[in-house]
Amino acid sequence: MVKTNKSLEAKQKILAGLIRLAYKEGIDSVTYQKVADEVGLSYYLVHYYFAKGTNTLLDEGIAYVGKRAQEYISNYISNVAKESNVVMIHQYILGTLNWGRDFPDESSFWAYYYHLCSRRSDMAKFNQEVTRVAQKRVERLIREDIGSEHFPFQNNIPELAEDLHTYIVGATIKYLTNRNDQQFDHVVKQSWRFAEKLFTLHARKFV
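The working numbering puts the last residue of the sequence shown at 1481; the count rises by one with no breaks.
Quick caveat, the hints were computed from the structure, so don't treat them as lab data. Treat the hints with caution; some may be incorrect.
As the list claims (entries may be wrong) - Straight-line C-alpha distance at most 35 Å; calculated DSBU-like pairs for lysine-lysine:
no., residue 1, residue 2
1, 1471, 1399
2, 1308, 1285
3, 1308, 1410
4, 1341, 1280
5, 1341, 1287
6, 1308, 1356
7, 1298, 1341
8, 1410, 1471
9, 1287, 1298
10, 1308, 1341
11, 1463, 1399
12, 1287, 1308
13, 1285, 1341
14, 1410, 1399
15, 1448, 1287
16, 1298, 1308
17, 1298, 1285
18, 1308, 1463
19, 1308, 1399
20, 1410, 1285
21, 1463, 1298
22, 1280, 1448
23, 1280, 1463
24, 1448, 1410
25, 1298, 1448
26, 1280, 1308
27, 1463, 1448
28, 1448, 1399
29, 1356, 1287
Stated by the list, open to error - Here are the computed distance ranges between Cβ atoms for each label pair:
no., residue 1, residue 2, range
30, 1321, 1466, 40 to 48 Å
31, 1430, 1280, 47 to 55 Å
32, 1464, 1360, 13 to 21 Å
33, 1440, 1285, 28 to 36 Å
34, 1359, 1394, 28 to 36 Å
From the three backbone atoms N, C-alpha and C, an ideal C-beta is built for every residue, glycine too.
All chains, full assembly: derive it from the sequences and hints.
Below you can see the structure in the form of structure tokens.
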């Protein structure tokens, strides 16, 4: 058990170093040796964990970032849910963009993940599952907001969730390409307005 824990800690340390290094120098310049130097471990240890047959360092880095992003957003939503009269979709948008602002290295690595999805069929397939899980979360928040009477009843919640998820991804990337407080506030407000219009549009479609 001790050995397993130490192995996990070493792998997480290496992945965190990879993401910092990619943010500082660019993903194309990353090497095993540079990652090893960044985290103060040996080249051979980095190679041992992430080069068994194929280079898994980037793929595991993406999985690491995705997990941390999900944890951050889930914790954010859980905390604000304790408050009264909260519009959960608004808070989901805010939590997602807060993550992009608070973790610039990880969110930049996440943007690179979408670049990989456009080039690699295996990554595109993986993204289908990531998207499915994200849309299910949005569906759940939509149902909460309808139940709290923040928005009108919707007959096709899965379709609405898909539309909202797609917009939120685009809005986050928009912020990541121009990081500043003014852009952050603009994207948040723009996303909230879009969500409200989308709820109204979907409600009218089934009247």
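Now for the hints, and whether the structure bears them out:
At most 35 Å may separate the alpha-carbon atoms for a hinted pair to count; residue 1471 and residue 1399 meet this at roughly 31 Å. Distance check on the hinted pair: residue 1308 and residue 1285 sit about 15 Å apart at the alpha-carbon level, within 35 Å; holds. Proposed proximity of residue 1308 and residue 1410 is contradicted: the alpha carbons are some 39 Å apart, above 35 Å. Using a Cα cut-off of 35 Å, the hinted pair residue 1341 and residue 1280 holds, with the two alpha carbons roughly 20 Å apart.
Restraint check for residue 1341 and residue 1287: satisfied, since their Cα atoms lie roughly 15 Å apart, inside the 35 Å limit. Distance restraint check for residue 1308 and residue 1356: the Cα-Cα separation of roughly 44 Å exceeds the 35 Å cut-off, and the hinted pair is therefore not satisfied. Between residue 1298 and residue 1341 the alpha-carbon distance is near 22 Å, which keeps this suggested pair within the 35 Å criterion. For the hint linking residue 1410 to residue 1471, the alpha-carbon distance of about 20 Å falls within 35 Å, and the restraint holds.
The straight-line distance between the Cα atoms of residue 1287 and residue 1298 is roughly 17 Å, inside the 35 Å bound, and the hint therefore holds. Only pairs whose Cα atoms come within 35 Å are accepted, and residue 1308 paired with residue 1341 is accepted, the gap being roughly 24 Å. For the suggested pair residue 1463 and residue 1399, the alpha carbons sit about 32 Å apart, so the restraint of at most 35 Å is met. Annotation: proposed proximity of residue 1287 to residue 1308 holds, straight-line Cα distance about 14 Å (limit 35 Å).
For the suggested pair residue 1285 and residue 1341, the alpha carbons sit about 14 Å apart, so the restraint of at most 35 Å is met. Distance hint between residue 1410 and residue 1399 is fulfilled; the C-alpha atoms sit about 17 Å from each other, no more than 35 Å. Taken as a hint, the residue 1448 and residue 1287 pair is honoured in the structure, with Cα atoms around 29 Å apart against an allowance of 35 Å. With a C-alpha separation of about 12 Å, the suggested pair residue 1298 and residue 1308 falls inside the 35 Å cut-off, and the hint holds.
About 20 Å separates the Cα atoms of residue 1298 and residue 1285, which keeps this hinted pair within 35 Å; it holds. Restraint check: the Cα-Cα separation between residue 1308 and residue 1463 comes to about 40 Å, which exceeds 35 Å; the hinted pair is violated. Restraint check: the Cα-Cα separation between residue 1308 and residue 1399 comes to about 30 Å, which is no more than 35 Å; the hinted pair holds. Between residue 1410 and residue 1285 the alpha-carbon distance is near 30 Å, which keeps this suggested pair within the 35 Å criterion.
Simply put, residue 1463 and residue 1298 have alpha-carbon atoms about 30 Å apart, close enough for the 35 Å limit, and the pair holds. With a C-alpha separation of about 38 Å, the suggested pairing of residue 1280 with residue 1448 is violated against the 35 Å cut-off. Of the supplied pair hints, the one linking residue 1280 and residue 1463 is violated, its CA atoms being roughly 44 Å apart against a limit of 35 Å. Taking the CA atoms of residue 1448 and residue 1410, the gap is near 23 Å; set against the 35 Å cutoff, the hint holds.
Restraint check for residue 1298 and residue 1448: satisfied, since their Cα atoms lie roughly 20 Å apart, inside the 35 Å limit. For the given pair, residue 1280 sits about 21 Å from residue 1308 by alpha-carbon distance, which is consistent with the 35 Å threshold. The hinted pair formed by residue 1463 and residue 1448 meets the criterion: a straight-line CA distance of about 13 Å does not exceed 35 Å. About 24 Å separates the Cα atoms of residue 1448 and residue 1399, which keeps this hinted pair within 35 Å; it holds.
The straight-line distance between the Cα atoms of residue 1356 and residue 1287 is roughly 33 Å, inside the 35 Å bound, and the hint therefore holds. For the hinted restraint 40 to 48 Å between residue 1321 and residue 1466, the CB-CB distance of approximately 47 Å keeps it satisfied. Restraint check, residue 1430 to residue 1280: a C-beta distance of roughly 50 Å satisfies the suggested window 47 to 55 Å. Taken as a hint, the range 13 to 21 Å holds for the pair residue 1464 and residue 1360, whose Cβ atoms sit roughly 20 Å apart.
Under the hint 28 to 36 Å, the C-beta atoms of residue 1440 and residue 1285, about 33 Å apart, fit the expected range. Between residue 1359 and residue 1394 the CB atoms are about 44 Å apart, so this pair departs from the stated range of 28 to 36 Å.
The structure shown violates the earlier hints numbered 3, 6, 18, 22, 23, 34.
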